[in-house]
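Each residue of the sequence shown is one higher than the last, beginning at 1 in the working numbering.
No lab work stands behind these hints: they were computed from the structure.
Among these hints, one or two may not hold up.
Mimicking SDA-like on lysine to any residue, the simulated pairs with C-alpha atoms at most 25 angstroms apart in a straight line are [stated by the list, open to error]:
| # | residue 1 | residue 2 |
| --- | --- | --- |
| 1 | Lys111 | Ala55 |
| 2 | Lys59 | Ser48 |
| 3 | Lys104 | Arg44 |
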Amino acid sequence: IKPFSPQDLKAIEKAISDSKIGLTPHSDGKQLRLMLPPLSQERRLQLSGQCKGFAEHAKISIRGARRDANKIIDTEQKGGLVTEDEATKGKDQVQELTKTFETKVEEMLEKKRAEVMQV
């Protein structure tokens with residue numbers, strides 16, 4: 001890492017050292033060198049768990065979008081803009097999209113977990 005402003009080097013070094021990312025910076029006065037250790041099995045499991053957390057967060061966001069879409073459909077139905085059949089059809093389409101994107105998230109998670117766990 002070669003900072004634009006050399007006086008920021010110490011602050012960057014301290015921030016990296018204080019973080020919990022497992023890197024140790026080495027400074028030569030002008031730039032920082034970060035040595036990346038090979039991944040241990042324990043670290044691979046941690047990264048795999050983080051991947052699962054990110055995927056779960058994505059699914060929660062998808063479900064939130066479904067909830068919001070269903071609220072809009074209900075509001076339009078109550079306002080008389082759509083019929084009950086149209087509202088049901090709309091909710092079914094929203095559910096299909098939700099399933100599709102949750103499946104994509106699961107596929108991406110499995111692919112990434114396999115990649116992380118590969119030695």
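Practice task
Kindly indicate which numbered hints from before are broken by the structure, ordering the numbers from low to high.
Solution key: Per hint list: zero violations.
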